[in-house]
Amino acid sequence: MALIRDLLLQGAQVLLVLVLAPALLGFTRKVKARLLRRRGPPLLQPYLDLLRLIRKEAVIADNASWLFRSGPYMIFAATWVAAALVPTFATGLAFSWAGDLIAITALIGSARFFLALVGMDVGTSFGGIGSSREMMFASLAEPAMIMIVFTVALVAGSTQLSTIANYMLDHASLRVSLGLALVALIIVAIAENARIPVDNPATHLELTMVHEAMVLEYSGRHLAMIELAAAVKLLLYISLIACIFLPWGLAPAHGGLAAHAAGAAAYVAKLLLGGFLLVLFETSIAKMRVFRVPDFLGIALMLGLLGTLLLFVSRSF
Amino acid sequence: MNGTFFDVAHLLAGGLVLLSLLLLYQDRMFGLLNVFALHAVVLSASVAWQGHIQGAPHLFITALIALVLKAIIIPVALRRIVVRLGIHRTIETVVGVGPTMLAGMGLVALSMVVMLRATATADPLAREDLAFALSVVLLGLLMMVTRRNAVSQIVGFMSLENGLILAATGAKGMPLVVEISVAFSVLVAFIVIGVFLFRIRERFDSVDVAALDAFRGERR
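Protein sequences appear in the order of chains W and F.
Each residue of the first sequence is one higher than the one before, counting from 0 in numbering that gives the first Met the number 0.
Each residue of the second sequence is one higher than the one before, counting from 0 in numbering that gives the first Met the number 0.
Everything labelled a hint here was simulated from the structure, so no lab data went into it.
Treat the hints with caution; some may be incorrect.
For each label pair, taking beta carbons as the anchor points, the in silico distance ranges come out as [to be verified]:
#1 F/A119 to W/I101: 53 to 59 angstroms
#2 W/P41 to F/I52: 41 to 47 angstroms
#3 F/G95 to W/G39: 37 to 43 angstroms
#4 F/L101 to W/R54: 49 to 55 angstroms
Residues of chain W clear of chain F, computed beta-carbon distances all greater than 10 angstroms [stated by the list, open to error]:
#5 D61
#6 S172
#7 L305
Computed footprint of chain F on chain W; a stretch qualifies when at least three of its residues, placed anywhere within it, have a C-beta under 8 angstroms from a C-beta of chain F [as the list claims (entries may be wrong)]:
#8 129-138
#9 158-169
Ideal Cβ placement from N, Cα and C applies to all residues, glycine included.
Isolated chain W (complex conformation) (with noise of 0.2 angstroms):
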């Protein structure tokens, strides 16, 4: 009885992150055109485009090889893998063994790596251009994304996502590396959300665009794969950062059904607290020369680097 208790809440929390995803993605665009005195798109806009998209016939450039037609669904898979396995509203979950900061970060990755491939794939110069500044972005985020890990993973003494939030939920303190280490994990989510200091969600102009050039080629049911990964990426790094520096209202590992909707409720209201203040960010900066990007993640790279510096200089950091 208690395996398939843990299994159905597992599963819940697999499910959860794929049907809030959109809606997250929807409350973005609706606060960030309210802010700009727009009305924007219903909620409910982005679940209607993926219908619309599955329902569409997918157009297949004839020189596709065989990777551009399974490229997003694996895309697809690593991350939702990788978002199904951050703690959203429950610790101690059935998988939470597998729950690993490096495991996450190396699906993300390869999910990087696919969508470079399929970018290429087909030989427009678009992909080519979209794909090449892709890997030149993510040869500075993936190390500054490590340099993080390891500053938390020296902090709390694991990798592990659950036991990474309990550790911070019982010794709750202001920490010069782990604040050197959230701001360096805010500007590697946003690199790698594309948003909009770094690249623009919205556009299609050809000089600038990074993630949307690679995705150029594709549309219909594939199209939709693609958006939904995005839209779920976007939600795991919000996640992360919640479950990593905010961890307040994480339901424990064995609690009744009151403390996991508590969970739930905390999740919601975190997801849209970060996607707020992603979209106030968004909304008060304007977006940088590709060329400039590489000091932005450098940024990042550095705040890491100097979090596992202190560490390892003084404990008490």
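Chain W is already provided as a structure; the job is to place chain F on it using the hints.
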């Protein structure tokens, strides 16, 4: 309760180091001045917090001086100088942003290692405050070395002085007279540098200090 006091003091000092690194990253004049003003605000918050922990009311006066002088008067004055002189709004650096940031990281690491070794027996709060203060000072020096524009060199000098105040308040028992005289000597230095800026500008039509090298016959 002691732990929270310690943590907040730590966080403010760490924030000061972070802002020093951000000063190195800025490549626009007004952005630089804004970050500098924020630097001074964090400094005065840190000093006020130290005054609260140590039960030393005179530190509040120091915090007030830092807030009024460095967060309001000097940034506003610098901004007016930049507007009046029509200085280029982008900052030319001697080396790129990336290497400068790496050098800054190295300096932070160096000051941590040196300070924590040298003051092994001191009170832990003062000790780590000193380590942060030394890194702020070194980063200010780095900023003065790597910038070619005289205004950003002034900002580097002022941020260096912020580091000195942080060090002074971390150590208990700094008399108020010394702090006030330091604050006013910085103001005097600012005025002198401001006059020099106008003179340099008048003679060379630019505040790029490389022009001075040519004048002295050092290069070219």
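Verification of the hints:
1. F/A119 to W/I101: 53 to 59 angstroms: Since the Cβ atoms of F/A119 and W/I101 sit about 35 angstroms apart, the hinted range of 53 to 59 angstroms is violated.
2. W/P41 to F/I52: 41 to 47 angstroms: violated (52 angstroms)
3. F/G95 to W/G39: 37 to 43 angstroms: About 41 angstroms separates the Cβ atoms of F/G95 and W/G39, which means 37 to 43 angstroms holds.
4. F/L101 to W/R54: 49 to 55 angstroms: Since the Cβ atoms of F/L101 and W/R54 sit about 52 angstroms apart, the hinted range of 49 to 55 angstroms holds.
5. D61: holds (43 angstroms)
6. S172: violated (5 angstroms)
7. L305: violated (6 angstroms)
8. 129-138: violated (count 0)
9. 158-169: violated (count 0)
Taken one by one, the earlier hints fail for this structure at numbers 1, 2, 6, 7, 8 and 9, listed in ascending order.
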